[in-house]
Amino acid sequence: MRNLISRLWVIVLIMLGMVAPCYAEKIVIEGSTTVLPIAQRAAEVFMDSNPAADISVRGGGSGVGIASLIDGTCDIADASRPIKDSELEKAASNGRSPKANVVAMDGICVVVNTANAVNGLTRKQVKDIYTGKISNWKEAGGSDSKIVVISRDSSSGTFEAFGELVLKGEKARPDALLQASNQAVVSAVSRTPGAIGYAGLGYLTFSVKAIDIDGVKPSKESVLTGSYGIGRPLFMYTDGKPKGAVKNFIDFVLSERGQRLVEEEGFVGLK
Amino acid sequence: MRFYSVWLLAVCLVLACAGAQYSYAGEVDILVQKLVEKGILTPGEAQQIITETKEEVRKEVAQGKSYSLPQWVQNTKLKGDLRLRFQNKHEKAANDYSKDTNIGRVRVRLGLESKVNEKLLAGIGIATGSGDPRSTNISFGGYSSKKTVVLDYAYAKYAALPWLDLVGGKMLLKDVLWEPTDLIWDTDITPEGAALQFRKGLGEKADFFMNTGVLAVDTDTSSDNDAPMAYIIQPGIGYKLNDDVSLKGAFSFQAFDNVKSHTSSTYSSASNSGNSVKGTSSYMYDYSMINPALEVKIKQPFRMAGSNIETLKLFSEYVENLDVSKKASGFSAGFQFGHDKVSKWGDWQFKYIYAMLGRDAVLDVLPDSDRYGGKTAIRSHEGAFTFGLGKNTSFGIDVYRSERIGMAAKAPETLVQVDWNMKF
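Protein sequences appear in the order of chains R and D. So that you can map any letter, position 75 of the first sequence is 75 in this note's numbering, and since no number is skipped, the others follow by simple counting. So that you can map any letter, position 152 of the second sequence is 152 in this note's numbering, and since no number is skipped, the others follow by simple counting.
Since the hints were made in silico from the structure, they are not lab data. Hints should not be assumed to be uniformly reliable.
[As the list claims (entries may be wrong)] Chain D residues, not near chain R, derived (Cβ > 12 angstroms throughout):
1. 49
2. 81
3. 151
4. 163
5. 173
6. 351
[Unchecked claim] Only some residues are given here: those of chain D computed to face chain R with a beta carbon under 10 angstroms:
7. 58
8. 73
9. 95
10. 118
11. 159
12. 162
The beta carbon of each residue, even a glycine, is placed where N, CA and C say it ideally should be.
Next comes chain R alone, as it looks inside the complex (with noise of 0.2 angstroms):
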C-alpha cells in the first residue's frame, strides 16, 4: 500500500509540473453579477481577435472580486460599487493597490404604459410605489386608477442596483410581478394599462414612456454626467495600473468597439 501511494504523489507532482507551464498570461477575472455580462462579451470577442489570450471570468459579486483581487486570485475584479474604505485598508496591508477602472455607467428608467398621464416623478415616489405606500396613480399625479407594479427577478443585477439606488435596501412589495429579463418588463408594461416598471437604458423602445425622475430625463448624457438619479458607474478594478495582458483587455474594454459590446448589452458607453 506505502507503494502504491508513494507512486501516486510521484503522479501528482509530475501532473502539477505539466500544468505549470499553462499558466502564462492567463487572466482571470471575477465579481460582481451586474458586470458580468459586459465582462463575459468582451473576453469572448477579445479571445477570438487574440487567440493566444485566456480569459476565465466568473462572477461572484462585487465583494466576492475585490476581495479576490486583494488576496491575489484574480487579475480583475467586477464590481457595481466604489470599493470600501475597510476593502483598501486591507488591501493596503496585503500590499495591493486597488486601481479603479470605469469602463462603463449602469443607467436604469423607469418606464410607465404610454396611455399614462404621468410624465414624472421624484425617487422617493418610485419607492412608495414600488414598496406599497404609494398604490393608486391619483396619488402620484395621475388618473385614478391601480397602479400595477412590474419589477426583475432578484437574480439581476438591475434589481440589485434598483433596489440600491431606489429602494435603499427595502423591499418591493410581494404582489410585484416579476419578469426574467429588461425586454419582459417593457414589454409586460407596454401591455398593461396601469403598470410602472424599469429597464436599462439600452433597452428603452417607443412601445413605453420613459419618465423623468426629480425632473431629469433619462438619456445617456444625464446619465454620464450623473444628473439623472439612478445611474452609477461599473467598475473593473486591477492590482494598481494595469499592464501586460491586463492592460490590453481593458483597453479593448474601453475601445470603440469594447464601448459598443457595454452598449448591446443594455448598459451606458462612455464614448
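Since the structure of chain R is already known, use the hints to place chain D on it.
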C-alpha cells in the same frame, strides 16, 4: 488640445497627492465639467476621470491609515472565539438503567496568522483543552481549578504558484481535506504532516481541486517499529449550474498504514466499544478508506412559495474501509437551511444530519466526538439550530440522538448542547 487637458489634469492630481485631497476632488469636478462644456472631453471621459480620481484619493487616504501602523501589525491577523456551553447527556443501558450527566464547559480559541513574505504565511493557534485531538472544550469543576491551554495548530503555508499551496506542520483540517459533514473527521482535529492543495478553474462554471497529504498518525513504539502514517488524495470539482444552484463533489482515498497491531490512542474508543482490537488495545486492522462526498447549495430555494429563506444545502458522504470486509462502511446525509452565515441579530440556521458508521469503517480517533462520544458502530440523528444574537454572537442548540449498532445492546444516548458563541 487633448494634450493640454491631460496635462492640466496631471497637474491637479499632483496637487491632490500633495495633501489637499478632499477639497481637490470638488475642484476636479468643476474643471472637468468646463472641459466637457468646451468639447475637449466627452461626458463619458469626464465621468471616468471624476470617478477614478475620487477613487484614487480615497485609496491614498486608506493607505495613509494603513501605513501608519507598524509593519508587523499590518501583516498579522488576530482572531478568536469564546463558547460557553451547558450540556446534558442522558444514557440508557440494557437493563433500563439510565443516567443523566449535566456539565458546564468553556472553549476559548485564539489564533494569529502572520504574513512572513508575499508567498509565505505562518499560523499559530492556542486553545483550551486537555490534549484530546477532537475537543478544545474544558469542563467546569475541580473546585474552580485553573484550566489548561494547549497548542491547537502551528503551520506554514507557502503559495508556490497561483494554483498551488504547500502546507506543513500541525495544520487546519480545511488545508488537508474538504468534507461536507464530520462523518470521518471531527472538525476540531488539526492533522500533523504536510499537504499540497491544487486548484484550477475549468471555464466560468467549474473549478477543479485536489488535496493531497502525508500525515503522521502516531510515533513508533518499542513493540512496533513502523509508525502509523496516513496518505490522502482527494480530487474534487465545484460546479455552478446557474446563479442559484451550485454543486461540490469529491472522492477521497485515505490510507492509514501500519495501524494494524499498533497500540490504540488514549483518546480512541478502541477496546470493546470502538474499532476491533487484538488483545485489549491493539488495532486489528489497517484503514484504507474510500470516501465520495457531495454538497448541493441552492440560493432562495423556496422563492416560488414566497419564502425568503436564503440558502438550502443538501449533503451526503459515504465511507468504506477496503481493508475489512464486514461492518466496514458508513454514510451520512443531511440538510441545512436558513441564512448562509449567522452573523447578526435575527440570522438563523437549522441543520440535520443522519449518520451511520460500521465498527471498522473509520479509525476511531477521527469521527465527531459529540456523536456517541466519537465511537464507531453507531447510528445517530443530529439537529442543530443557531440564532444570531447580534454582530459576531449567536445562540445555538444541538441535539444528538444516538445508539449502538451491531452490539448486544443499543444503549441509546441523547446529548443536548446549549451554546453561547462569541467571535472576535
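Hint-by-hint comparison with the structure:
1. 49: violated, 9 angstroms
2. 81: holds, 21 angstroms
3. 151: holds, 26 angstroms
4. 163: Not fine: 7 angstroms to the nearest Cβ puts residue 163 of chain D too close to chain R.
5. 173: Given that every Cβ of chain R is farther than 12 angstroms from that of residue 173 of chain D, nearest at about 20 angstroms, it holds.
6. 351: Since the minimum Cβ distance to chain R is about 24 angstroms, residue 351 of chain D lies beyond 12 angstroms and the statement holds.
7. 58: holds, 6 angstroms
8. 73: It holds, given that the least Cβ distance between residue 73 of chain D and chain R is near 9 angstroms, below 10 angstroms.
9. 95: violated, 43 angstroms
10. 118: At 7 angstroms from the nearest chain R Cβ, residue 118 of chain D passes the 10 angstroms test, so the hint holds.
11. 159: holds, 8 angstroms
12. 162: holds, 7 angstroms
Going through the hint list in order, the structure does not satisfy hints 1, 4, 9.
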